[in-house]
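Input sequences plus hints: build the corresponding full structure.
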Amino acid sequence: MKRVNAVIVGAGAGGGVFAKELSTAGLSVVLLERGKWYTANDCRKDDLRNQRTTILGNAFGPEDEGNPRVTVDAKGVPHVVLASESAYQNDAACVGGGTLSWGAQAWRYMPQDFKMRSTYGVPAGSSLEDWPISYDDLEPFYEKAEYEIGISGDYSGTPFHGPRRRDLPMPPVMPNLEFSILEPAAKRLGLHPFHLPMARNSVPYNGRGPCMRCRWCVGFVCETDAKNGSQNTVIPVALNTGNCELRTECQVKEVLTDERGRARGVAYFDSNGHLQEQLADIVVVSGGATESARLLLNSKSRLFPNGLGNRYDLVGRNLQGHHYTGATGYFDYNTYDDAGPGASIAISDYNHGTPGLCGGGMLANEFIRLPIHTLNRLPPGTPRWGLGHKQAMRDWHRRTIAIMGPTQQIPTADARVTLDPSVRDKWGMPVVRISGNVHPHTFEIGEVQAKRAEAWLREAGAIHTSVGAHRPETVSAGQHQAGTCRMGDDPKGSVVNRDCQIHDVDNVFVIDSSVHVTNGGFNPALTIMAVAYYASAALVRNWKGTGFHS
Amino acid sequence: MQSSKNFLTRRRFVAVGALGGAAVAVACTSGRQGDWDFFSEAQARTLTAICDQIIPADDFPSASQTGVLTYIDKQLVRHFRRHQDAYRDGLENAEKISRKRFGREMAELSSPQQFEIVSALEQQYLDFFNLVRSHTLQGYYGSPRHGGNRNAVSWRMLGLDEPPLRGRAQYDLRKGTHS
Chain F
32 MKRVNAVIVG AGAGGGVFAK ELSTAGLSVV LLERGKWYTA NDCRKDDLRN QRTTILGNAF
92 GPEDEGNPRV TVDAKGVPHV VLASESAYQN DAACVGGGTL SWGAQAWRYM PQDFKMRSTY
152 GVPAGSSLED WPISYDDLEP FYEKAEYEIG ISGDYSGTPF HGPRRRDLPM PPVMPNLEFS
212 ILEPAAKRLG LHPFHLPMAR NSVPYNGRGP CMRCRWCVGF VCETDAKNGS QNTVIPVALN
272 TGNCELRTEC QVKEVLTDER GRARGVAYFD SNGHLQEQLA DIVVVSGGAT ESARLLLNSK
332 SRLFPNGLGN RYDLVGRNLQ GHHYTGATGY FDYNTYDDAG PGASIAISDY NHGTPGLCGG
392 GMLANEFIRL PIHTLNRLPP GTPRWGLGHK QAMRDWHRRT IAIMGPTQQI PTADARVTLD
452 PSVRDKWGMP VVRISGNVHP HTFEIGEVQA KRAEAWLREA GAIHTSVGAH RPETVSAGQH
512 QAGTCRMGDD PKGSVVNRDC QIHDVDNVFV IDSSVHVTNG GFNPALTIMA VAYYASAALV
572 RNWKGTGFHS
Chain D
8 MQSSKNFLTR RRFVAVGALG GAAVAVACTS GRQGDWDFFS EAQARTLTAI CDQIIPADDF
68 PSASQTGVLT YIDKQLVRHF RRHQDAYRDG LENAEKISRK RFGREMAELS SPQQFEIVSA
128 LEQQYLDFFN LVRSHTLQGY YGSPRHGGNR NAVSWRMLGL DEPPLRGRAQ YDLRKGTHS
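Protein chains in written order, with our numbering: chain F, 32 to 581; chain D, 8 to 186.
These aren't lab readings, by the way, just hints derived from the structure by calculation. Source: prediction; values computed, not measured. A virtual CB, placed ideally from N, CA and C, is assigned to each residue, including glycine. Check before you lean on any hint, since a few could be wrong.
[To be verified] Straight-line Cα separation of at most 30 Å, DSSO-like style, residue types lysine-lysine; simulated pairs:
1) K457/F with K103/D
2) K331/F with K457/F
3) K76/F with K107/D
[Claimed, not checked] Estimated spans, in silico, between C-beta atoms of each pair:
4) R106/D with P452/F: 33 to 41 Å
5) A71/F with S126/D: 45 to 53 Å
6) H495/F with A114/D: 51 to 59 Å
7) D66/D with P503/F: 52 to 60 Å
8) H305/F with R95/D: 36 to 44 Å
9) P171/F with P171/D: 38 to 46 Å
Put into structure tokens, the structure is as follows:
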């Protein structure tokens, strides 16, 4: 196969942006994706089989068969889990990655989120650290992401965000009923509610139409293609350059290295199961925090006996996601207007600045509920079956509001991805083994956040509330997985440098949430994209005359 | 809120007129008789009795009346293959309890008697009960495409438009502005 400048492993948020930036700069690119390329025609509106509700399997990969993982519970007992089980910590396997079927919240982190160690110190037992780059370094690239991906929303209601040079390119999706109930309540509490940012067209943008406010949103591919991900924005641009070739259903086995310790390409199983090699000047690993770590750990050679970039046993550590807590409010009037996406109003008042807490998180109303979701939101004490349960569904489906938020996790080195010593996938490769947990202070913050969500619902007039603040026994790192190839200036304390190059193999880049030192109190996708734009700018700038060409 | 024990006050499922013509067919069938992918006829009778205690009929249909058994039966040879043994054993246990307590097959019992058996299942075989409960709720409230929730009857029950409203305008784009 023809040698190219760059082979990118994974066509998600990071890999898609990187492919676009490199190919428009004139580099030849092969983009490998283990999953398929779905389109708006694959929406299906299947309440039981999508990427959010996986009772009948993952709609957008990976399949249950042949893709096991192992998770180690709090007692140290390993369990083999299927891809559609929650313990698997899945994101997706498809062109677009998580951004195909996401809810599409597109947040910037706040300046403090990049300086967690200097802001709060290090809680005992945690691996809390600063990023080597700042919000200001990323700001132009956040803006580029917001305009190229297409973000709607309105930050004008809140002072709690970093400096911005430009407003979002689209106005917010029109408020739903929950917005109009929650906004005055938040203001009465002295909070600063606003229209949360979403990668969703509220008006025609980028050649596609606006959201039609349907019920099947998060977890589904958008039927009208109004939801923006890498699959309908940057990847088509990359392909249109003529410099980028996308190969789907290709599972990368390992990064190949030469006798001098530099990468020379990747070996992968193509859609027919045949082992292929794609040689390239640089290799870009963009499989998400769990699969990227697995790929590097599986890339063993004489010079790298513990895997690529793993000289100091750091690859796979500091696995994190978000600790979701919140509250459900029950009202004596209708709060449901059947208008997606549902999530519409947020506050960032509680992300930072509470004495005694290392951070916090954003709080927002939840996405529109399908009836299958209401089953898990009925008031405590509801009969589990019979006419009482049936009546409760009728009583509460349209009179419930949930407020949840992604509490920023305090990472530990023990929450990690390793290779399972015995379980293999259908290609014979060792699978991801997930063990450990984030720092327990995370759960204290989450409990405070849940009480705050409850207070907001009470102020809005909820007649009953129930608080959802659990203490999970293992790390929760599914759709928001991050941290396993930490970015840093010290080669002994991090896996990649500030340009996302592996410290000791300078032609291998990690471009996804793996490099996040901490994960903010916000959904991470826009930051993945901003870092991809930032790192690709450095690479393109340095491309001519560097040693990458061989 | 009604208790699940109020079976005697339950309105029977007779108000089919209120549901529109499409639902009349629902009321007349309770599964593809003699045409199961997994269940025997006897197993299907037992499961019908259990599911209809979990979601009984009132002015909206019961679980089996909307095709919940079809949903479970189809998935037991597809995504739920790993639960086949649990269903075989669980339904056999239900019949054992029925014959021991009442000397008859569960499907022949009165509704109060069936309620007693499902309560016993919840007491003695909680894993199986939880499995059937989850599958019944999924079939009843999930997508009609999988065989349950025929004609989206549970969604209508919850007051949802079916078919849903489409393509609502947000901004008046004819004005050439965004607001």
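Checked hints:
| no. | hint | result |
| --- | --- | --- |
| 1 | K457/F with K103/D | violated (42 Å) |
| 2 | K331/F with K457/F | holds (19 Å) |
| 3 | K76/F with K107/D | violated (45 Å) |
| 4 | R106/D with P452/F: 33 to 41 Å | violated (50 Å) |
| 5 | A71/F with S126/D: 45 to 53 Å | holds (47 Å) |
| 6 | H495/F with A114/D: 51 to 59 Å | violated (39 Å) |
| 7 | D66/D with P503/F: 52 to 60 Å | violated (41 Å) |
| 8 | H305/F with R95/D: 36 to 44 Å | holds (41 Å) |
| 9 | P171/F with P171/D: 38 to 46 Å | holds (41 Å) |
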